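A.B. asks: So you can see what is in the structure, the chains are spelled out below.
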Amino acid sequence: MTTAVDSWCYVFGVVPAGARLNPPGTGLSNRLRLVECGDIAAVVGSPPTDRSLGRASDLLEHDRVLADLAAGGTPVLPMRFGAVLADEHAVVDELLAVHEQEFRAALDAVRDHVQYTVKVRYVEDVVLREVLADNPEIERLRRAGYGDDEATFERRLGLGELIVRALEARRPADAERLLDELGDAGEVSFRQLAAPEEVLDAAFLIPRRDAKGFERRVGSIARRHQARLQVRLVGPSPAYDFVGSG
Amino acid sequence: MTSALQQRGGGSGYVGRPAPSGLADVVEMILDKGLVIDAYVRVSLVGIELLTIDARIVIASVDTYLRFAEATNRLDLYEKGGKDLPELMEGLAEGGARGKTKGALGGAKEKVSELIGGSDDDEQPRRRPRERSRQGSSSGSTRRRSRRSEEEDE
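Sequence order for the protein chains is A and B. The opening position of the first sequence corresponds to residue 1 in the numbering used here, with each subsequent residue numbered one higher. The opening position of the second sequence corresponds to residue 1001 in the numbering used here, with each subsequent residue numbered one higher.
Keep in mind that the hints were calculated from the coordinates and are not lab data. Just so you know, these numbers come straight off a predicted model, no measurement behind them. Hints should not be assumed to be uniformly reliable.
Derived list of chain A stretches under chain B, where covered just means 3 residues or more per stretch with a C-beta under 8 Å from a C-beta of chain B [claimed, not checked]:
id : region
1  : 57-64
2  : 77-83
3  : 126-134
4  : 147-154
5  : 161-168
To give a feel for the contact side, a few chain B residues facing chain A, derived at Cβ under 7 Å [stated by the list, open to error]:
id : residue
6  : Asp1025
7  : Val1027
8  : Met1029
9  : Thr1064
10 : Tyr1065
Cβ-Cβ distance ranges computed for the label pairs, FRET-style [said to hold, decoys possible]:
id : chain 1 : residue 1 : chain 2 : residue 2 : range
11 : B       : Arg1074   : A       : Lys212    : 34 to 42 Å
12 : A       : Gln101    : B       : Arg1074   : 52 to 60 Å
13 : B       : Arg1074   : A       : Arg177    : 25 to 33 Å
For glycine and all other residues, C-beta sits at the position ideal for the given N, C-alpha and C.
Input sequences plus hints: build the corresponding full structure.
C.D. replies: Take a look at the structure:
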């Protein structure tokens, strides 16, 4: 089936019907509108028809539209980037109507909540010193020059592997401690860690009224551990990590 | 309320401030999280090309190991007349450690920006079940989760 390209709908997310939209922007959102179906609605814009989708400006616009909605207090289910449907009928028939019940439930779950993502990494030099102090074998190899540029590939590799293992062994206790210190922070979604020096990458669904308190708690934890942990707080943002996969 | 791009410190100077790689945070979130439905399949049905692809790159563990081996070498240099510990701590206190985490950590960041910077690889859009895994601690291999999005000038 082919449809006219100007009917394509880029879907940003799902909101309650009647939600107030911010003024249209540029690019993806220059024809920003609601496509409604019963109690719920899709926030749609127009994908580019003369070039591929996925440029940096597209990604940023996706995020901006959703963040603006959430900032205005509208419950929003953010779509993962890249959803395009053939036209508004398809938005109703293939997206909203078939998922109406679960979308309504999901909107209730994120209503009056915001997401914060807490990302924690070791301060490299500090944790490496800890690793060396706690692992005589690693320290011995280092002193023997296994980390030198002139060392053989195998030696450098062997030393590096031991360090990575040691970092991974330290991680669970540090992560647990941070979570304890955060206390009962509501629903948590853990992301997979990408690198050995990462300690925690977790999204928290926080009631809007508790947002400031959560920020303060993260701030004080960051301060407490600043010598060895680098804490980053991303948010408040729409609840990207707390919407089902449909 | 801020978007994912903007990070705030909650009144504290110790929580990370907006990083130059802010786009990376957005990219990570909107490409990897959020509602996934069959609509993604439609992207190809309507004939639009989606540049966002699964570039879930497995950085060879080799690279990671070498990075850390090299990092200890650098520690050694400090001891031989580089920074001493008090100086290091001072730097940490004021810089939120950002400036001191070059080396192994910096390497990872650069990889992300390279990805965002783009290349010409186009692959089919695809779906992937979302994960909510707790502390993926792989022993040995290091998986890096990121995707590539192409950004080209017209």
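A.B. asks: All the hints need checking, so say for each whether the structure fits it.
C.D. replies: Structure-based check of all given hints:
no. : hint                             : verdict
1   : 57-64                            : holds (count 5)
2   : 77-83                            : holds (count 7)
3   : 126-134                          : holds (count 4)
4   : 147-154                          : holds (count 4)
5   : 161-168                          : holds (count 6)
6   : Asp1025                          : 5 Å, holds
7   : Val1027                          : 6 Å, holds
8   : Met1029                          : 5 Å, holds
9   : Thr1064                          : 6 Å, holds
10  : Tyr1065                          : 3 Å, holds
11  : B:Arg1074 - A:Lys212: 34 to 42 Å : 40 Å, holds
12  : A:Gln101 - B:Arg1074: 52 to 60 Å : 57 Å, holds
13  : B:Arg1074 - A:Arg177: 25 to 33 Å : 28 Å, holds
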